[in-house]
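Guided by the hints, dock chains B and C onto chain A, whose structure is given.
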Amino acid sequence: MKLFLSLVFAVLAFCNTSVAQTAADLVKNVKAKMDRVNDYVATGKMKTDVVFIKAPVANIKSYFKKPNRFKIKRDGGISLLPKGGISVNVSSLLLTGDYTAIDAGQTNLNGVVVKIIKLLPLSENSDVVLTTMYIDEKNLLIRKASTTTKENGTYDMEMQFGKYAEWGLPDKVVFSFNTKDYKLPKGITLEYDDGTKKPELPKNKKGRVEISYSSYIINKGVSDDLLK
Amino acid sequence: MWSLLKIELFKVFKRPRTYIAFIAVWAIVTLIQVAIYVDGAKYMDFVLKDVKDNFDVIGNPLNGYFVCFIILQTLLIHVPLLVALVSADMIAGEANMGTLRLLITKPISRTKLLLSKFLASAIYALILLIWIAILGLFVSMLVFGTDGLMNAKSYEIIILNGNDIFWRYICAFGFAAIALITVASLGFFFSIFAENSLGPIVATMSVIIVFTILTTLDIPLFQSVKHLFFTSHMIGWKGFFEMKLDADGVSIPGTIRNLPAVLKSAGILTLHIVLFTGAAIFIFKRKDVLS
Amino acid sequence: MESIIKVTHLTKVFKEVTAVNDLSFTVQQGDVYGFLGQNGAGKSTTIRMLLTLITPTEGEIEIFGYNLLRHRKEILQNTGAVIERPDLYKYLTAYETLELFAKMSGIRVSRQSLMEQLELVGLAQRAGSKVRTYSQGMKQRLGLAVALVHNPQLIILDEPTNGLDPQGIADIRNLILMLSQKLQKTVLVSSHLLSEIEQIANRMLIIDRGSKLVEGTVSELFSPDDTVIYIETADNNAAAQLLRSGEYSSSIITTEASGIELKLRKDQIPALTRLLVERKIDILGISARHSLEDYFLKITTANQHVEPFKN
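Residue numbers (the working numbering), protein chains in the order written: chain A, -9 to 218; chain B, 12 to 302; chain C, -17 to 293.
Be careful, since some hints might not be right.
[As the list claims (entries may be wrong)] Quick list of in silico lysine-lysine cross-link-like pairs, DSS-like style, CA-CA up to 25 Å: (1) A:LYS35 / A:LYS18; (2) C:LYS55 / B:LYS17; (3) B:LYS63 / A:LYS170; (4) B:LYS60 / A:LYS140; (5) A:LYS162 / A:LYS51; (6) A:LYS35 / B:LYS255; (7) A:LYS18 / A:LYS140; (8) A:LYS153 / A:LYS23; (9) B:LYS63 / A:LYS173.
[Said to hold, decoys possible] Here are a few chain B residues that face chain A, going by a calculated C-beta distance under 7 Å: (10) PHE66; (11) GLY70; (12) GLY159; (13) SER165; (14) ASN172; (15) GLY247; (16) ASP257; (17) ALA258; (18) PRO264; (19) THR266; (20) ILE267; (21) LEU270.
Just so you know, the hints here were simulated from the structure itself, not pulled from any lab data. Idealized CB from N, CA, C, for every residue including glycine.
The following block holds chain A by itself, in its conformation from the complex (with noise of 0.2 Å):
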């Protein structure tokens, strides 16, 4: 989710300081269009799909300010959220503004079609590799977007619109990611056996947490402490 709104910003400070002319044009509008949103309370339900989690569906708030302040709070319950939010990677393009953006032609990206733009950070140091968007660029909405990481793989996101695409605000988020192994030592947890077959686990799963949302309320103020 962090990553999804990092990106968001990473694209908006992306306008600012354009290299290429129409992609510049384009992620403007995209801008502008979300930009409308000051703040929102999103309610929606969370799914984690990941091998080694087993975890019920969780009900969940998402609260957002202006600039760049997000939080997820759920109802009664302790959540895994995949990292990969601002400090890992796009964070880092958009502080520093140090990237070149390229236009990489378009795509049918579910019937949609969208046009590719590669955002490349200048700096060495830079965690990030590389970050491809998907832009529709009829509806000014961001369709998709993938990082690759040096240290943590390649993380997705795509995004389904519905009802609040008018804010640029996706009804269904689905987060994709590589989860590394997960073990602790059966000493430690005295395992109950109870016959299930354990899972294979196949090195470098994909994990997906999934996020639809019920409905946002928007430009309503949200309280600082909700951001804590």
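What follows is chains B and C alone, placed relative to chain A:
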């Protein structure tokens, strides 16, 4: 029978030794709570060492439910010692004191005498467990608050919703009761052969420790026979902290992943109770009392 | 008279050791029945069989006319016992102990009657003290109170005076006599001391190595015809000569430099002493003991290999 049981309970709770267990449980539980209060984050880091690089945790994983889980996991290894302290003393202790011969000259059948003694040690185990529940669950809930529970297993992490946990603890404590009574019956069984209580206490603990180690060792030979050890079934309470999955692989709150397996474990433990106690009564009925 | 205990051909074999061998005896109602034998003679094993602590290998036990194993509960309801040291729960008070065993015997007893029982054994003052604070004698008396709390008809006491001081022994002896004479209880009491049994029992049984040696009434067994007299005089040789020549010749058992041993009726002793005095043989000492005592001493010392005292 009831009045005999009352007499046995009276004796159990008149002895200072009985309260050692309650103090020990209080001490262990408090230690764990203090340790988690002070240093819980580090423990969490260890559990999540493979996860925290890729994931952010939202919610408060270090809550009362998690603390109770740690306490139960730790205590259910140690509490058998405390249960054995009383149950293994039931007959051997009387033999050692020289009161056994007096009891047997009373107009009570040996079967009834032994049953009342076994029930007294079972009730003691239950009261000890309630004590653990009060300190381990309720005090932890008060001190650490409640939230969801992360049940970290060796190959997966199960995340339970906050409102889907308390009933699981009730079931888990019910299961733990059966497990502890199994220990009580084992101690009780050893108790009939000895004339001082140390032997049966050590024997009971040795069985539990050796079996637990064998169960924990990841050696294929032991893994294939571990279901034969009753100690593998004693941790069946953890089965209540797993959920069924739907077709999409999403956990369904309010379900138990493998209830039949948990019930089977409970059944196996109950069978052990009947076996140990039955054998104790069978042998003791024919035994010459020379103490 | 009704027989309270009837033991027939009782045998108990522990692995290779025969602890009790074909033992038969009968205890009548109202008896104080002395059960005598050295340590290891089989007394405790027999008593434990009477109380269902040990299962006999062979033989039969009837108590109150019922088979013990078939009517265990009824019989034990009417039997009280102290077996060896009466070890009790150290963490209970005397009152709690007594109440507990009353309940185990299946009776409800009022506080007053429990206190009366404690009064009887002289522990009423210490009723509220924990048993751990009691002396051995007090524990013994509390043990007796436990044996009596349900008012049994038969009381079985296994070495009740073991480890007691002379006052304690006298207390227990008086208590047994009181139970028998005032309360008409039947008492079976074991001991390895003849003198103790002799003073309280009306009938007795001596066993050795699991087998019966003698059984009978104390008056029969301690018949005055069977007295062994040991005389020490200033001139033992002269005395021996004198006695050998007269009517006592057949009574002499041994003559030694230190003294002379004779077997006489008790009433012959005055004439004997007169004779010696008349012949001017000074008597330095005279002791009379019963031949049974002599016999018992022999059997109880025969198996004891005590190194003689060497100066």
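(message) Tell me the numbers of any earlier hints that the structure contravenes, in ascending order.
(response) Hints 1, 7, 16, 17, 19, 20 and 21 contradicted; others consistent.
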